[in-house]
Structures are given as C-alpha cells and as structure tokens.
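Protein sequences, first through last, are from chains G and L.
Residue numbers for the first sequence follow this note's numbering, so the first one is 1 and each next one is one higher.
Residue numbers for the second sequence follow this note's numbering, so the first one is 1001 and each next one is one higher.
Among the hints, erroneous ones may be present.
[Unchecked claim] Taking lysine to aspartate or glutamate and the DMTMM-like style, the derived pairs with C-alpha atoms no more than 25 Å apart in a straight line are:
#1 G:K238 to G:E255
#2 L:K1406 to G:E152
#3 L:K1406 to G:E147
#4 G:K238 to G:D250
#5 G:K26 to G:D79
#6 L:K1406 to G:D79
#7 G:K238 to G:D253
#8 L:K1406 to G:E97
[Claimed, not checked] Computed list of chain L residues with no C-beta within reach of chain G, every gap over 10 Å:
#9 Q1045
#10 D1103
#11 Q1173
#12 L1343
#13 K1352
Hints are computed from structural coordinates only; laboratory data are not their basis.
Glycine residues also receive a C-beta, built at the ideal position from the N, C-alpha and C atoms.
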Amino acid sequence: MISPDADLLLEIVDLHARVEDQPILKGVNLPIRAGEIHAVMGRNGSGKSTLSKVLAGHPAYTVTGGSVRFRGADLLDLDPEQRARIGLFLGFQYPVEIPGVSNLEFLRVATNARRGELGREELDTFAFEDVVRERLTVVQMDPAFLERSVNEGFSGGEKKRNEILQMALLEPVVAILDETDSGLDIDALRIVAGGVNQLATAENATLLITHYQRLLDVITPDFVHVMAAGRILRTGGKELALELEERGYDWVDQELAVLEAV
Amino acid sequence: MVVSSTRSPLAEASPWADRLLERLPSPAGALAAVQGRGREALARQSLPNRRQEDWRFTDLAPLTALDPAALALVADGQGLAQLADCPAPAAGTVRLWLDGLSDPLAGQFLPAGLSRLTPEQLDQDLGHSLACCGSEQHWPVEFNQATARHCLALRVSGCVAETLELVAVADQQHTLLPVRVLLVLEENANLKVLQVQLGSGSSLSSLVVEAQLGQGAELLHGLLALGEGGACFLGHLAVEQASGSRFRSVAASRGWALFRFEPRISQVDGAAQTELLGLQLVEGPQVADTHSQVRFLGPDGALEQVHKAIADGRGRSVFDGAVSVPRLAQRTNANQISRNLLLSDQARIDTKPQLEIVADEVRCTHGATVSRLQADQLFYLQSRGIDAATAARLLKRGFCQEVLGKLPAAAAVWQPLQRLLAEA
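Looking at chain G on its own, in the form it has when it is part of the complex (with noise of 0.2 Å):
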C-alpha cells in the first residue's frame, strides 16, 4: 500500500524538545506519508513516548528546535485541541480515569468537534448514540461502557479498547498509538490490533510507540525505527523489529556509543 508519490502527511524535522530542564529529543527526524505505518522502537527512556506527547502538544513539554509540519502546515502552533480537531489522534499509554463525565458525552462532544472541522453537522444525542454502536463493534466493546465514567474502573484491557473506539470515532488523519499494547493479555491484544487494521487505508497514517516486537505480529509496519537516546537511529522494514526481538536492545547501545564518539 506504501507509495513514494502518497502524500505526506506528517513531517518531524530535526525535532528537539525537554521536559522542564532535561533535553530529551535531539534531533528526530521521520516522513510519514498516507498508507503507510510505521513504528518506533526503543528502550524505556528512549524519547519514544516524549514524541508521541510533544507531537500531540502535552504542556508539560517544551520544543526547543525543529519543525514538524502536518499536511503542510505547523503543528507546533496549533493547541492540543486545533491538532486533535485537523485529525491528529494520540493513544494514551495511561488513559486518564474522569469520574463523574460519562464515557458517552465525551465521545459525543469529542466525535462533534471533529466533525466540526471536517464541515459536517453535529450529532445530536439520539443520532449519535447510532453511530457510536455501529462503532463500537471495530474493537467489540460492551455498550455497557458508554453509561460509566470516562474509563473509570475499566480494565487495562477495556481502556486500551475505548482508546481505540475514540480513534474509530474522530476518524485521524494521523494516530499515534503510544504503547497499545502494555497491559494487554493476548486476547485483547488481538482485538485492539484488529481494530487498529480495520481504520488503516490508503488515506491515513498510524505511527505505533512500542517497546516489544509482539504488537508488530498483529499490525504489520511498513517502516520500524530505532529509537536512543532523543533520536532515531535506524531505520528499516519489518524485519528490524525481528533483529531487535532476537538481539535485544545492547547492540543498540553500542552503535550509540561509536556514534556520540564521532
């Protein structure tokens, strides 16, 4: 599905950010163009994580150079909420726990601002409530699930699928999945990939954030990066995450030293 001619949908040119005084990207650079997805692999403390919460505007993070330009206009401009609204979609790791807000009118609000922005007229609750349910059968969640809290008392498992439920909902341009996969036992690993194959096309983008090969058995990347220390070390196809399952993450290390020894 990949072409060199797709467009380009997102594009991290020499990012650098830090979290109060600790730089912690140090020059990231990674195209992402429509139909394809990638992966980014690495150790805990890799910077994975901090650019999956940088490209979706965390306040906690600051940018300190670069660019990363989505559709061809600055994202780094735009607040959290603009981002989400032109189709920027992150995966939480944790997702947040909002007691009191029902997991319904969240979506129902969420799903409108998108929608919203795509020029389309908002749902109201009765016609919501009929897409919702057509959606939720993309990752088989319980519609017992939209009358709680917004992922109160859920499981790792059910979080991870109302996730994903959002992500079929608000329909991104560009999602990124920030470590889908902990806390998932195998059942539900399949489900939330299975979910996750079903709103890939030709049209969009997904940038997975994984720290193990065994998610890349259930959503095939069309690219996998190696991620150390704030940067992107290598690039390569599907086989670079069989390397790093079969060798672990040491060599990494190694190439990291005789680069920063250059």
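Given chain G's structure and the hints, the job is docking chain L onto it.
Positioned in the frame of chain G, the structure of chain L alone reads:
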C-alpha cells in the same frame, strides 16, 4: 490575644439578635412554648463568633449584614406557593410548601405510610434527636426554635413509594423563613425526602430537621439549597439511628452569601449505616460551611462521607467533619474524604477532618485534597479536540455529578447540575 477590648463577645453580639427578637410577633401556634424558650435562650446567648472553635473559619458578616429590624416572617396566608419558575413536581412526588407559619398539611392528601404526629407524640418527640446529638443549645437551632411557628411532623411506617418534596422559598427582601421538620421512622420504614431551599434578596432561611430512624429503617434526605445575593442559610440536621438503619444525606448548595449546614448523626446502638455526601460551590464574596458530626455509640457502625467543594472568585469554603468512635464502638468502619477544587487565587478552602478514635478495633480513613482542575484530565480532553473551556466545564460537571447523582430522583426536575454550575 486581644487585651485592649473591654467589650465582652456578648455585649458585642447581642444587639443584632435582640433587635430581631423585639420585632417578632408573640409566640403562637403549636410551637408557642418552644418559641418562648428559644427566645429566652437567644437573649442569653451571644452570636456565634470566630473565637469559638466551631465558627473559627466562618465569617458571620453576611448574617449581621441583614437588617434585624427589617427581617420579618411572611404574613399568614400570603403563601409563597405561587412561584412561576418552580418546575412541576416529578411523577411520584408529593410536594409540600413550607413557610414556617402555616400548616403545610392543610387540605393535603398524605400518601400511604405517612401520618401526622398527634400533639402528644409531637410533645414527646420534638427535640429528642436534637438532645441526642447535643444540639439543643446550639445557636442556629435556638434561632430556629425562637422563630418557627410550625413544625412538619410526620410518622413513617412501611415503605413510602412517593418522594416527599419540601419546598421553602425566601424570595422577598427581608424574608425570615424558619422551617422545622420532624420525621419519626418506625421499624423498617423507608422514606425519600427532597428539601429544596431557595433564597434571594436579603433573606434568612433557617432549617432544623430531626429524624429518628427505628431499627432497619431507611431514610434518604436530599437538600438542594440555591441562594443568590445577600441571602443566608442556616441548616441543622439531627438524626438518631437505631441498629440496622440506613441514612443517607445528600446536600448541594450554591450562591448563598452565607451557607452553614450542620448534619449531626448519632448511631445510638452502632450497627447502622450512614452516608453523608456534600457539595458546596462558592464564588464572589460567599461563604459555605459544612460542619458534620457523626457519633458511634455502639459497635459495628459504618460511615461513608464524601464532601466536595468548588471555590472560585473570592469564595470561601469550610468543611469540618468530626467523627467520634468511643471505646464501645468496636469494629466501626468509617471513611471520610474531602475533595476541593480551588479555582482562583483569591478563593480559600479550609478543610478539617476530626477523627476521635478510642476503640482499638476499627477501620477509619480520612483524607483531604485541594487542587486545581487536574492537568492530565484537561489534556486528555483537549487531545480529543475539546477546547480548554469546554473541558474545564466537563470536569466541573463530573466533579459535581458524583454527589448530585445521589440526590433523590425527584430532584431532576430542578436541574441541579445546571443550576449549581449556572449553565444556561
């Protein structure tokens, strides 16, 4: 320590109450004797003041700002019932209008399970729960006794299907509205009560509710107190619970210049369940204060208490939650949490759990949090395309909804969430 003052608190505080008492009509009605005693007590007592521990954080200035010479009871027959903006009662609800003067049961059909206390029963039961909870000499209680001419006194037997909705409206300038309620629940009786107190202008609403819960009885008491302007509210709830009974109080307030609510619960033999939920919102120059007391006078009692406050503008919120677990109250299980949202630099929150535990085999927890809106929750909502203002509103609604969701279902017609958050 102030040494230069030569005036006693009494001399400083009495004129306000004295002037108010002077203008009250002579004691009358079923509570004439109580009124007389209450007035004598008030004449002897000083106004509560901030040198008293119980009132340390509560500025009574909004109360004394009310003109005692102008405050007056609503004239007989003038009835406050014809309010255009009150919603029709929910299905299955019996609505009574309380004005502190006339008999709210006059011409009223009472649902099965509810009956009026006879004068003899009233004599016997009135004040019983107040005494049980140590509230008799308490100023807000004496104030109510001094002014209320009528008490809605009901006996409850069996399960009452209907919700009893008690509405009291002080919507005219200088209205003094004392409401008194006495509920006697027989063994295994079950009742849901919703009290709606509305106040505006320079009015003063006073509420005293007594409830006796027999063994296995169940009472849900909701209070929706909505004020505006200079209106003040002083509420006192005295509940005595026999073993096996369940009591839940859900109180939500906003908009009063001064709101003081004092639920006091005694589990007379322990082994009962008490649930206290409170939500108070302050903005502008408002004070909202909840002082609760729960006493376990026997083993195996349980308490779940959640108190919430949102303080914005120059609002002040006070919570003081006393829980007493003496030696005889073994195996008590009491949990108390105070959660507060502080939304402005000028707002202030004072929260104070007071656990007095002597028994050694108990499980008691307490905690208090004061925070702004949670940054991670805000970001989560924003990352879904929801703008910051809408996200903040959703979070505030969620914060309130946890308490409001426990009000009797009949409260829905009053749209508590919209009214509390002043949403259109």
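**Request:** Test the statement that L:Q1173 is away from the interface with chain G: the closest C-beta pair must be farther apart than 10 Å.
**Result:** Since the minimum Cβ distance to chain G is about 37 Å, L:Q1173 lies beyond 10 Å and the statement holds.
**Prompt:** Is the hinted pair G:K238 and G:D250 satisfied, with a Cα-Cα distance of at most 25 Å?
**Reply:** holds, 19 Å
**Message:** Check whether the Cα positions of L:K1406 and G:E147 lie no farther apart than 25 Å.
**Reply:** holds, 16 Å
**Message:** Would the hint linking L:K1406 and G:D79 be met if the CA-CA limit is 25 Å?
**Reply:** With a Cα-Cα distance of about 37 Å, the restraint between L:K1406 and G:D79 is violated, given a limit of 25 Å.
**Message:** Beyond 10 Å on every Cβ pair: is that true for L:L1343 relative to chain G?
**Reply:** holds, 16 Å
**Message:** Check the hint pairing L:K1406 with G:E152 against an upper bound of 25 Å on the C-alpha distance.
**Reply:** Measuring from Cα to Cα gives roughly 18 Å; hence the hint holds.
**Item:** Minimum Cβ distance from L:Q1045 to chain G greater than 10 Å, as the annotation requires
**Value:** The assertion about L:Q1045 holds, with a minimum of 41 Å to chain G.
**Asked** Would the pair G:K238 and G:E255 pass a check requiring their Cα atoms to be no farther apart than 25 Å?
**Response** Cα-Cα ~20 Å, so holds.
**Request:** May I ask you to check that L:K1352 keeps its beta-carbon over 10 Å from the closest beta-carbon of chain G?
**Result:** holds, 24 Å
**Message:** Minimum C-beta separation from L:D1103 to chain G exceeding 10 Å: can you confirm that?
**Reply:** holds, 40 Å
**Request:** Would you check the hint for G:K26 and G:D79, treating anything up to 25 Å between C-alpha atoms as holding?
**Result:** holds, 23 Å
**Restraint status (C-alpha distance of L:K1406 to G:E97 at most 25 Å)** = Since the Cα atoms of L:K1406 and G:E97 sit roughly 20 Å apart, the hinted pair holds (cutoff 25 Å).
Of the hints listed earlier, the one the structure fails to meet is number 6.
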